[in-house]
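The whole structure should be built from the sequences, with the hints applied where relevant.
Mapping to numbering that gives the first Met the number 0: the sequence shown position 213 is 212, numbers consecutive.
No lab work stands behind these hints, which were simulated from the structure alone.
Note that the structure is predicted; figures quoted are calculated from it, not measured.
Keep in mind that the hints are not guaranteed to be accurate.
Below, a list of computed lysine-lysine pairs in the DSSO-like style, where the Cα atoms sit at most 27 angstroms apart [unchecked claim]: (1) Lys192 to Lys180; (2) Lys167 to Lys154; (3) Lys321 to Lys339.
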Amino acid sequence: MPDRQESNHDNFMIEKIKQRPINKRRLIRRTVITASMAVIFGLIACFTFLVLEPVISNWLYPEEEPEAIIFPEEPEEMLPEEMLEEYLQPSPSPSPSPGPEEQEEPERVELDEQQIQEILDKVVLDMGDYRQLYSVLSDYVKQVSQYMVVVTGTKSDTDWFANVYESKNETSGVVIGNNGKELLILTDYNSVKRADHLTVTFSNGVQADALMMQCYQDGNLVVLCVSLNVLSQEMQAEDMHIAPLGSSLQRNLVGSPVIAVGNPMGTSGSVGYGVITAAGSQVTLADMNFQLLTTDIYGSQSAGGVLFNTSGQVVGFIITGKTGSDMRNIISAYGISDLKQMISRLTKGDRIPYLGIIGADVPKEANEQSQVPFGAYVREVEMDSPAMLAGIQSGDVIVGIDQQSVTKMSDYSSYLLKINPEDVLTVRVMRQSQGEYKEIAFEVTVGEAD
Numbered sequence: 000m001p002d003r004q005e006s007n008h009d010n011f012m013i014e015k016i017k018q019r020p021i022n023k024r025r026l027i028r029r030t031v032i033t034a035s036m037a038v039i040f041g042l043i044a045c046f047t048f049l050v051l052e053p054v055i056s057n058w059l060y061p062e063e064e065p066e067a068i069i070f071p072e073e074p075e076e077m078l079p080e081e082m083l084e085e086y087l088q089p090s091p092s093p094s095p096s097p098g099p100e101e102q103e104e105p106e107r108v109e110l111d112e113q114q115i116q117e118i119l120d121k122v123v124l125d126m127g128d129y130r131q132l133y134s135v136l137s138d139y140v141k142q143v144s145q146y147m148v149v150v151t152g153t154k155s156d157t158d159w160f161a162n163v164y165e166s167k168n169e170t171s172g173v174v175i176g177n178n179g180k181e182l183l184i185l186t187d188y189n190s191v192k193r194a195d196h197l198t199v200t201f202s203n204g205v206q207a208d209a210l211m212m213q214c215y216q217d218g219n220l221v222v223l224c225v226s227l228n229v230l231s232q233e234m235q236a237e238d239m240h241i242a243p244l245g246s247s248l249q250r251n252l253v254g255s256p257v258i259a260v261g262n263p264m265g266t267s268g269s270v271g272y273g274v275i276t277a278a279g280s281q282v283t284l285a286d287m288n289f290q291l292l293t294t295d296i297y298g299s300q301s302a303g304g305v306l307f308n309t310s311g312q313v314v315g316f317i318i319t320g321k322t323g324s325d326m327r328n329i330i331s332a333y334g335i336s337d338l339k340q341m342i343s344r345l346t347k348g349d350r351i352p353y354l355g356i357i358g359a360d361v362p363k364e365a366n367e368q369s370q371v372p373f374g375a376y377v378r379e380v381e382m383d384s385p386a387m388l389a390g391i392q393s394g395d396v397i398v399g400i401d402q403q404s405v406t407k408m409s410d411y412s413s414y415l416l417k418i419n420p421e422d423v424l425t426v427r428v429m430r431q432s433q434g435e436y437k438e439i440a441f442e443v444t445v446g447e448a449d
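So this is what it looks like as structure tokens:
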């Protein structure tokens with residue numbers, strides 16, 4: 000019996016379960032597939048979020064579009080003789096009010112130059128009058144200074160020993176608008192273009208960070224923006240003063256008094272008094288010509304700021320390097336009227352269109368004597384510019400763009416500032432051939448100014 004049991008025990012099958020060997024190739028393939036699917040899913044999720052997030056945000060939290068900046072025109076100033084005539088106007092004697100049919104216009108007093116001079120000769124000023132005069136000017140400067148800000152650009156760098164240091168550069172700016180979201184400031188581009196961080200200091204001492212909205216490098220202009228949400232924590236709305244822009248196209252502009260505010264003497268907060276001595280020159284840039292105002296104010300070669308007239312309006316934006324070598328320290332400025340359309344575009348953050356034409360008006364004498372048609376005369380075409388690539392040459396006269404006629408350079412510049420880069424224009428020019436001018440049309444793709 001024991002022998003039988005022992006025999007059965009020997010015949011019992013014993014099995015050992017072994018673990019299936021790992022297929023490394025299949026495991027790697029599955030891992031790669033899983034990781035790839037995870038990456039693809041992540042990319043799809045990111046793309047969907049980027050596409051839908053602005054739509055959902057705008058739907059849940061709609062934002063109002065910034066208001067367009069409108070610059071009102073300056074009312075024409077009265078001439079000195081007109082002011083004197085108004086002062087000498089006889090006041091009506093008290094009498095019963097006449098009926099509508101009995102009312103007559105008061106008699107106008109006409110004065111000739113000799114009578115005006117005789118009246119002025121009777122005016123004698125003493126030292127007290129001069130003190131009062133300059134006291135009034137000082138109060139006026141305080142009034143217009145509320146429109147000005149100090150723009151500080153900070154740039155971080157390292158020296159030869161890897162020590163980090165900061166360099167700062169200051170210039171002045173003028174507050175030109177409020178679009179409902181930001182306060183807009185016009186200043187010179189060269190002073191802030193290399194800055195890593197911009198700070199604006201207002202006339203009441205409040206400081207705030209600023210960002211570049213848009214620049215026009217060729218004209219050294221830039222518009223900065225300061226968030227109203229940040230400013231509202233530091234200053235009231237009535238303390239945000241916006242400078243009114245006047246007109247630089249008045250007939251009596253030459254000889255009129257102006258005040259240079261900002262940093263005309265090279266330091267912030269400086270001021271200069273004088274008159275406009277010339278207004279007939281122009282600063283010629285690519286696609287733009289700006290009026291040049293020259294004063295008798297002696298200032299710094301690094302001057303900045305604006306020119307105010309006696310009505311508290313900006314008539315010029317101070318620039319440097321645009322006068323002759325014998326007038327390097329004389330304060331000069333862009334006429335504000337020619338800048339308004341450019342400033343309006345900068346305040347909206349729009350890109351500046353570019354064709355690359357340096358032009359001028361056709362003089363009346365050239366039209367009468369040489370039959371040169373009126374238009375924008377092409378004096379030069381910049382190398383590799385859209386105008387050159389299209390085939391426009393120096394000596395051509397631009398007489399039309401699309402359906403708009405062009406009779407002078409300002410017509411050309413004004414139309415160009417209404418379009419956008421990448422637009423395709425039909426530029427019609429008159430080109431001289433065999434002694435006569437013939438019209439040629441060019442298709443030009445608008446570029447973007449640097």
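Results for each hint:
1. Lys192 to Lys180: holds, 23 angstroms
2. Lys167 to Lys154: It holds: about 6 angstroms lies between the C-alpha atoms, which stays within 27 angstroms.
3. Lys321 to Lys339: holds, 20 angstroms
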